[in-house]
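S.K.: Knowing the structure of chain A, use the given hints to seat chain B on it.
Protein chains: 2
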Amino acid sequence: MAELYVGLVHYPIYNKRMDVIASAVTNFDIHDIARTCRTYDVKQYYLIHPKEAQKQMIKKILHYWQEGYGKVYNPDRADALERVHWLEDIEAAAKDIESRTGQRPYIVTTDARIYPNTVSYSFMRKQLQEGEKPILLLFGTGFGIEAEVMKSFDYILEPVYGSCDYNHLCVRSAVAIILDRLAGEAWFEKQ
Amino acid sequence: MAELYVGLVHYPIYNKRMDVIASAVTNFDIHDIARTCRTYDVKQYYLIHPKEAQKQMIKKILHYWQEGYGKVYNPDRADALERVHWLEDIEAAAKDIESRTGQRPYIVTTDARIYPNTVSYSFMRKQLQEGEKPILLLFGTGFGIEAEVMKSFDYILEPVYGSCDYNHLCVRSAVAIILDRLAGEAWFEKQ
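Here the protein sequences line up with chains A and B, keeping their order.
The numbering used here numbers the first residue of the first sequence as 1 and each following residue consecutively.
The numbering used here numbers the first residue of the second sequence as 1001 and each following residue consecutively.
Hints may contain errors.
As a list, the in silico DSSO-like pairs of lysine-lysine whose alpha-carbon atoms are at most 27 Å apart [claimed, not checked]:
1. LYS151/A - LYS43/A
2. LYS1133/B - LYS1095/B
3. LYS1071/B - LYS16/A
4. LYS133/A - LYS151/A
5. LYS43/A - LYS95/A
6. LYS59/A - LYS71/A
7. LYS60/A - LYS1051/B
8. LYS151/A - LYS95/A
9. LYS1133/B - LYS190/A
10. LYS1059/B - LYS1095/B
11. LYS1133/B - LYS16/A
12. LYS59/A - LYS43/A
13. LYS190/A - LYS1095/B
14. LYS1151/B - LYS1190/B
15. LYS126/A - LYS16/A
16. LYS133/A - LYS95/A
17. LYS95/A - LYS55/A
18. LYS1055/B - LYS1043/B
19. LYS1126/B - LYS126/A
20. LYS1151/B - LYS1051/B
21. LYS1016/B - LYS1095/B
22. LYS1043/B - LYS1071/B
23. LYS1016/B - LYS71/A
24. LYS55/A - LYS43/A
25. LYS126/A - LYS1190/B
26. LYS151/A - LYS1190/B
27. LYS1055/B - LYS1071/B
28. LYS1190/B - LYS190/A
29. LYS55/A - LYS16/A
30. LYS1151/B - LYS190/A
31. LYS133/A - LYS1190/B
32. LYS43/A - LYS126/A
33. LYS1126/B - LYS1151/B
Don't read these hints as lab results, they were simulated from the structure.
This is chain A alone, in the form it adopts within the complex (with noise of 0.2 Å):
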């Protein structure tokens, strides 16, 4: 079984009209995506954040989980909450994991386009299941992860089809639904 690592990215990002931005923090993208990252075993999730009062704010926000009241008020939240680490660049994230399992993870993300080296679901839980190389697997906020950077990194996820053309999930949802097709029970298999 690989580790599982997922970094949630907010530079260099596109924002509505296609200008490459950094995007703000949001308080329910840590909280709600830390849950979910717990839940499926994720052992590091990464806020990807190069300013300076974004990572200050970030801090001051897992401070009071790690370290601080909401470690008393509610462990369960404070047990996800300790996973969490601001980081600059999507690089770092990426140095990090190497310093922890002394291998480069495979870089993957998501995307509404189809790529050469876009892969199905089914490739990547195997790969998760199988493989020894870790795995970060990156989203972006906002409008995307900018163009250059897409090409860099080593496998694409198909887009997430529901049930119909409508495709405007919001990345905590996307994560979630991610998270299961990727490191959930093998509910399909049950009767």
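M.R.: Relative to the frame of chain A, chain B by itself:
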């Protein structure tokens, strides 16, 4: 294919001390769950709350997206919010579905405990694909739906397991995972 409906229940709900309460409506529950429901072609998403003040707040938010400037500002979001409605109790939701389809729905929910009528995700997915009776899938807020009311439901879905024993998903992530298991594309049949 049976029609699928979702209800988010705010009463009767347990709080942390197991008192029965009416929980407060959360804006993220409205938006995130509406977008997930729209992705999985859920016909209506009911916000179930008995209190007048909460009803007024829900109606104000929905009006902005269904009739107000939200419709122009973000049509995709408005598309999802169009299917959201306030109702005062679970019975009103069942009656609304009956008036739309001519059939009383199966009422289904999830719980961490196992009941005589607990069923698997595969069973309910098949019911949805091959059945004719509509399905009303209820999610509790707070610490879950009151026990006596739970007894009146037709089916209880198994708890969601990730890949460890931590199970404190937020309701928004639980809805996303469960709708993908019941109504998502059959990604697990694909290599």
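S.K.: Against each hint, give a clear statement of whether it holds in the structure.
M.R.: Hints, verified against the model:
no. : hint                  : verdict
1   : LYS151/A - LYS43/A    : 25 Å, holds
2   : LYS1133/B - LYS1095/B : 14 Å, holds
3   : LYS1071/B - LYS16/A   : 16 Å, holds
4   : LYS133/A - LYS151/A   : 20 Å, holds
5   : LYS43/A - LYS95/A     : 14 Å, holds
6   : LYS59/A - LYS71/A     : 15 Å, holds
7   : LYS60/A - LYS1051/B   : 36 Å, violated
8   : LYS151/A - LYS95/A    : 19 Å, holds
9   : LYS1133/B - LYS190/A  : 23 Å, holds
10  : LYS1059/B - LYS1095/B : 20 Å, holds
11  : LYS1133/B - LYS16/A   : 41 Å, violated
12  : LYS59/A - LYS43/A     : 19 Å, holds
13  : LYS190/A - LYS1095/B  : 33 Å, violated
14  : LYS1151/B - LYS1190/B : 38 Å, violated
15  : LYS126/A - LYS16/A    : 35 Å, violated
16  : LYS133/A - LYS95/A    : 14 Å, holds
17  : LYS95/A - LYS55/A     : 19 Å, holds
18  : LYS1055/B - LYS1043/B : 21 Å, holds
19  : LYS1126/B - LYS126/A  : 25 Å, holds
20  : LYS1151/B - LYS1051/B : 24 Å, holds
21  : LYS1016/B - LYS1095/B : 31 Å, violated
22  : LYS1043/B - LYS1071/B : 19 Å, holds
23  : LYS1016/B - LYS71/A   : 16 Å, holds
24  : LYS55/A - LYS43/A     : 21 Å, holds
25  : LYS126/A - LYS1190/B  : 12 Å, holds
26  : LYS151/A - LYS1190/B  : 25 Å, holds
27  : LYS1055/B - LYS1071/B : 21 Å, holds
28  : LYS1190/B - LYS190/A  : 17 Å, holds
29  : LYS55/A - LYS16/A     : 24 Å, holds
30  : LYS1151/B - LYS190/A  : 25 Å, holds
31  : LYS133/A - LYS1190/B  : 23 Å, holds
32  : LYS43/A - LYS126/A    : 18 Å, holds
33  : LYS1126/B - LYS1151/B : 23 Å, holds
The structure shown violates the earlier hints numbered 7, 11, 13, 14, 15, 21.
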